[in-house]
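Residues per chain are reported as follows:
There are 2 protein chains.
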Amino acid sequence: MNRQVQLKSRPSGIPQAENFQVVEAPMPEPGDGQVLVRNIYLSVEPAMRGWVGAVANYSEPVPIGGVMRSFAVGRVLASKHPDYAAGEYVTGLFGWQDHAVVDAATIQRKVPADGAPISTALGVLGINGLTAYFALLDIGQPKPGETVVVSTAAGAVGSSVGQIANIHGCRTVGITGGPDKVKLCRDAFGYEVAIDYRTADLDAQLAAACPKGIDIYYDNTGGAISDAVLKQLAVGARVVICGTASVSSWDPVPLGPRVERYILVKRARMQGFLIFDHVARYPEALKQLGEWIASGQLCYLEDVLEGLDQAPDSIAGLYRGDNLGKRLIRIAKDDGSAL
Amino acid sequence: MNRQVQLKSRPSGIPQAENFQVVEAPMPEPGDGQVLVRNIYLSVEPAMRGWVGAVANYSEPVPIGGVMRSFAVGRVLASKHPDYAAGEYVTGLFGWQDHAVVDAATIQRKVPADGAPISTALGVLGINGLTAYFALLDIGQPKPGETVVVSTAAGAVGSSVGQIANIHGCRTVGITGGPDKVKLCRDAFGYEVAIDYRTADLDAQLAAACPKGIDIYYDNTGGAISDAVLKQLAVGARVVICGTASVSSWDPVPLGPRVERYILVKRARMQGFLIFDHVARYPEALKQLGEWIASGQLCYLEDVLEGLDQAPDSIAGLYRGDNLGKRLIRIAKDDGSAL
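Protein chains in written order, with the numbering used here: chain A, 1 to 339; chain B, 1001 to 1339.
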């Protein structure tokens, strides 16, 4: 049998455990051009909120009763496609389930068995690292000496953003929640200043950390954190809109201070980013990210839950801030055998 | 004597007549390197609100008791600078007054006596036309077939934006206030659709006018009009933040629907524009704008008040929407002699 996590009901706002159900389905068999994958690690992303929302955004909503969409890394058990062979590791949108039969075209890439741990294919060498890389460099356009502020600074995306900004000679200021993450930001991810938004007078601490204003704001939260940051933009600032983790519901659209005047007076640029627009350039970014990991310039942290039963509550936990690092669900040993 | 309009008190929000006073000052005399100008036309801009606000934005606030800052076009009466001679027409920030003594370096440019009417140096061949040109082309980056929505579509900036977008092969949709301006948008400024925001179901009319979404939003108003437009952005949309005419006060910052999600889902770009960042490129733009005027592709309309006594209420009138076209105050005949 194949255990799956299905979407049971459509959440309003952040998906909760009760919106999912764990079921047993028949073991799938690959047809021509298809591959059977034994999933090993499943990914948990803030973006999953959008994937299950009733309103189509950049992808179709996961249907009720459908397997939850997710990235996974796993091992090929059987292949009916000439490009893939049993034993190889692959990553792609394989879903929250033990086994997936997928068309070869939907496999994102092979994951080398002798490189970084295969779990990194879902984080720093997956869409999180790729997002940080392209969004910071393309939209943020960091220059040496500039001040870069990152929200969810210790998160899977934010931690890479801060380090890549440091590599480019910027000063980095991280905004995060709680003392453990503040410490992580400074000790592991190289932020010059880390601010705990839960306890801080954010306006005052940002002003102290950014005396010349904020040149780049890499925004993963939206909401009150952004309201504070936008007040302190420098002339010509770039604001990367990557996520809205702090806003619990967009239906109806919540109110906040109008941004037009900040944008106008500072001649700032605010731009949204979606990693799926950049697929063609993944190889160049993965090569660079891999080199930075190998040289010790790019660290990552993983928050690994054990077993498929952890999946239903895992997104809500992410929004509660339970995790330290990239949240994954481990459902098999790295060789694909049962836990 | 030299009649001047001084800032009497600092307005909160939109400057009203009572915030100004008309006074008589001694006739100024030019020193070395200076020029005495007889102002002929004075300009009235929405941006003047910011120039008299207590909060410094991109320029220092006009001091209480100071002559109101404004662009003007006038004629040189006396020159103690070798580059300027009596009888020449010039434009620059000469202020709301009959006569100005200015350092030659503050003169923006000479205005040819045999070209377009000298009043155009304050509008379509002044900062309004230049703003439309650079902001639409640099930030908006219009491409043939794209849908461009303009707020204050019949105004001094908006009317040029719509026509320049048409010249670049776009479909243009204007948002304006009242039936006279709706008619102007269609008949004079070439908008394919013009919408009266005062009477329309803006959401429905925008949806009907922009069935493929909005590729470029040239925003002169902010506020509720922008709230409606942002809901209908196309993927990859560009939003030019040029002004916030619909927002009566920014102290405190008013609330509106949060924009992050629209920006993110549509991978849109929102960017602020200030003409004074582009001074070095004025000549190229003035040449192009002049050619479009000469060929009849770029029309303009002027709303001319007569006499300096009209100045104090003129900004408030602009925000009330009293004007049809670029608002000017004529204080002398075109040859510089008294009215």
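Just so you know, these hints were derived from the structure itself, not from any lab. Warning: the hint list may mix true and false statements.
[Unchecked claim] From the structure, some residues in chain B lie toward chain A, with a derived Cβ separation under 10 Å:
(1) Y1058
(2) E1060
(3) P1061
(4) T1221
(5) I1241
(6) V1253
(7) V1259
(8) Y1262
(9) I1263
(10) L1264
(11) F1273
(12) D1277
(13) R1281
Remember, it's a predicted structure, so these values are computed and weren't measured experimentally. Yeah, the Cβ is synthetic: ideal placement off N, Cα and C, and Gly gets one too.
Hint by hint, here is what the structure shows:
no.: 1; hint: Y1058; in the structure: holds (6 Å)
no.: 2; hint: E1060; in the structure: violated (13 Å)
no.: 3; hint: P1061; in the structure: violated (13 Å)
no.: 4; hint: T1221; in the structure: holds (9 Å)
no.: 5; hint: I1241; in the structure: holds (5 Å)
no.: 6; hint: V1253; in the structure: holds (4 Å)
no.: 7; hint: V1259; in the structure: holds (6 Å)
no.: 8; hint: Y1262; in the structure: holds (8 Å)
no.: 9; hint: I1263; in the structure: holds (4 Å)
no.: 10; hint: L1264; in the structure: holds (4 Å)
no.: 11; hint: F1273; in the structure: holds (7 Å)
no.: 12; hint: D1277; in the structure: holds (6 Å)
no.: 13; hint: R1281; in the structure: violated (15 Å)
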